[in-house]
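K.L.:
Chains as they are written, first to last, in my numbering: chain A, 16 to 354; chain B, 7 to 537.
Do not rely on the hints blindly, as some may be mistaken.
Stated by the list, open to error - Pulled from the structure, derived: some chain A residues nowhere near chain B, Cβ distances all over 12 Å:
1. T42
2. R177
3. R249
4. L277
Said to hold, decoys possible - One side only, chain A facing chain B, incomplete, derived with CB under 10 Å:
5. Q112
6. P193
7. Y333
What the hints assert, rightly or not - Below, computed lysine-lysine pairings styled on DSSO-like, alpha-carbon distance capped at 27 Å:
8. A:K69 to B:K456
9. B:K167 to A:K69
10. B:K192 to A:K69
11. B:K428 to A:K69
These aren't lab readings, by the way, just hints derived from the structure by calculation.
We put the CB at the ideal spot given by N, CA and C, even for glycine.
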Amino acid sequence: MEMSLARYLARRAALTVFVVFGVTLITFALTHVVPADPVVAYLGDHAPPELVEKVRHQIGLDRPLPVQYLLYLRDLLRGDLGISIMDNRPVSHDLGQYLPATVELATSAMVVAILIGVPTGIVSALYKDSWPDQAARVFALGGTSLPVFYVALLLLGVLYSRFGVLPGPGQLSIYTPPPPHLTGMVAVDALVAGDWAALGDALRHLVLPAFVLGYFSTGLVTRMTRSSLLEVMRQDYVRTARAKGMGERRVVLRHALRNALLPTVTVIGLTFGDLLSGSVLTETIFSWPGIGRYATNSVTNVDVPAVLGVTLVAAVIYSVFNLVTDVVYAYLDPQIRYT
Amino acid sequence: MRRVVAVLVAVLLVGVWAVGRGSSAPVYGPQQTIVIAADISSVVSLDPQVSFEFTTPDHLCYSNLVEFARGDLTHPRPSVATSWDVSKDGRVYTFHLRRGIKFASGNVLTADDVVYSFQRVVNIPKDPAAWLITQMGIDEKNVGEVVKAPDPQTVVISLPKPFSPGAFLSIMANTVAGIVDSKTVKAHVQNNDWGTNWLNDHSAGSGPYQLARWERLVTIELVANPNYNIGPAPAIKRIIWPNIMENTVQRNMLTRGDADIATGLSASQLAALRREPRFYVAQIPDLGMEYVGMDVKNVPAFAKPEVRRAVKYALDYDGIVRDLLAGNGLPLQGIIPKGLFGYDASLPFKHDPARAKQLLSEGGFGNGFTVEMLAPNGTAAGGISAGDLASKIKNDLAAAGITVNVRQLASDELYKTYRAQKSQMVLANWYVDYPDPDDFAKPFGDYTQKSLAWRLQYYNDPLAKLVQQASGLQNTPERASLYKKINEMAMQDGPFAIMYQPMISYAVSKRIQHLVFDAVNGIDFFSLTKQ
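One chain only, chain A, in its complex shape (with noise of 0.2 Å):
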């Protein structure tokens, strides 16, 4: 068992390394067929000529594609990412700035995807076209359907603008001093540093963002856990426990709810991935300095480098991800064997 999962983990990351080369390639080509001049982009229009061809030599953009990307992979394995065009820095540098925000982010997404999802996908289960079912459903419902950008403006104008009960957009409330920088993730920084007025603020700017992110994943979460539920309950050995007099809760806590998360746990480890990824309209409405609002603004201004980088991270994250999944998938369900 050790041995097979210890050869499996090595053949999936030498198959994420050829993942990542392929998404560069791809990524790179993309962003030149794109007809915008990340140039003119940087400097601005009314930039002349004479100083856009100059700072296009100054950034090297002006040599041919094929030695670009040669270029672009020789400092990659050095584990050089790059200058962004934009902000003259590493892009590596840029990324620990964004990255923590986001993990952040769509952690506390994800502890509200599961500690509201899975109970809900139970209690719907087990309720089966009741009313509590009925709600709960609705309430995916809403969860998959309504658009994020809504929800976030909705929950803003009432929680924040009208009643003030929680607090506006950023991590942190204007006057409070921040924690001192040592993960990037405020709310961390604040419990490590002791100082618990920030970690309080930082906690209660977290909620809104953190439920609107979650509550599109809330609704994966519980239809996931209910239909699965659902099928594992009409299992014989359910019924076989059933038979042997064992209470229900016992029945469905111990014995079925162990299968029945399978599939949740795929849905949650893959989610988790494009929670990590793609918060773009959450964090700019929350004002979230996290790696999405950081993917937009490199996109939108043609900073290849930066691009290539954010890419780059997510293919690597969505890789270990599935990994992860996997490997908790074979965890949970003892037939699964890594070959």
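Since the structure of chain A is provided, determine the placement of chain B on it from the hints.
P.N.:
Chain B alone, transformed into the frame defined by chain A:
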């Protein structure tokens, strides 16, 4: 494993606790703080010699040889320089510096700092603002000869070629000529970067404020400079621009009291706020305009001045300003916006489809023609949808017999086509770089600048000559009469149908009083007070 993690966490906790306790900065409360909700995503740099898009923080952190009083962008006045002499040929400027000005570091400002600041502009690679200086003929090779400090109180700038004196002084008041503390900056140079990376997170100026924090895409924060000694210190001690991209959220922050000023509200949001007693809307004309450009080579019809005039008569200017902009714009048809020397208030073109049709037949296109117009995806000047404006133009021109196919695309894509002289018709805008009429007359009138007129292949030599002639004059009646001619020529013959001048509109809490601002320097924090 668990034990290892626990120990690690404990070590981190103790370590960071010890570090965290040490930090303490002067804390200013809401009374002394102004919060301005704005979309600052486009800020590329806060180095004064590099910043170009959003320069208000640099205006507040750095001083210049000369400056503009807020609200009057026609007369530069002394600042770091108490006076200056200009040679007869208008090419040698001698600035006499005020003694004892202190930088935030405590260092004394001397002529060497001015020289160093000029050297930075022409030497920093990839500098979006550099062309403001290099267009005067100053470059990294000759800067040592052009800008000299004969003594600590005197700066002599000998321009290598004739350059508009009005434009020269207004560029000296631009942040690109903001004076940096050369000793401090030199101490932070890494890899020949002229200290530009360090200046993104710090400031080294002699202005009333200094940069406390710039977290990209998050916030810019300034605090008072304790060593400021050019004038009385402002009452506001802290200025914060949180980056708020959504205007609905900007409005939420304003109504909640978390922001004092919101800068990006739509016309309807402004109208709603006007009805609320706790807020007011402050407006001034922005220095810019929205226009339709016609390529006179790529579209044979536009080669005829009659057809270009027909387009100008076909547009429903009042409808655009009244219905689309809802008060967020002023009518403008000349190439110099209101607020600058040389502005022409006349509006020769009125919405007149019959006249437009007649001009089309005079030009030989009585049966109309078809043209493709490029329009950006986002907003047009004044914050309205560029798509809505393009549809309005399409309808107006259709009524005169011109079929316009609108193609909406990302603005970077639009500019790539436009700059390569490959467009037929564009919907675009132009904003001020420095407050001199030259900044508008050159792009719109002088094709040799390879700017707007050149992009539309409009090579009008007499007009270009006039622009160059007006450029070389001080703001005299003679210069005014030249701009009158230039405006007339551009309006009647030029390839630009200028439609309106947008307004800058701020939604403001009534706690804020004495709010004065202009399109170049931003808000005047010296006069502003907060209750």
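K.L.:
So, for every hint listed, does it hold in this structure?
P.N.:
Okay, the hints, checked on the actual structure:
1. T42: Given a closest Cβ separation of 18 Å, the condition holds.
2. R177: 9 Å, violated
3. R249: R249 of chain A is indeed farther than 12 Å from all Cβ atoms of chain B, at 39 Å.
4. L277: 26 Å, holds
5. Q112: 7 Å, holds
6. P193: Since the shortest Cβ distance to chain B is 9 Å, the answer is holds.
7. Y333: Constraint on Y333 of chain A not satisfied, violated at 24 Å.
8. A:K69 to B:K456: Between K69 of chain A and K456 of chain B the Cα gap is close to 16 Å, so the pair holds against 27 Å.
9. B:K167 to A:K69: Holds, at roughly 22 Å.
10. B:K192 to A:K69: Between K192 of chain B and K69 of chain A the Cα gap is close to 25 Å, so the pair holds against 27 Å.
11. B:K428 to A:K69: The given pair, whose Cα atoms are some 22 Å apart, holds under the 27 Å limit.
Of the hints listed earlier, those the structure fails to meet are numbers 2 and 7, in rising order.
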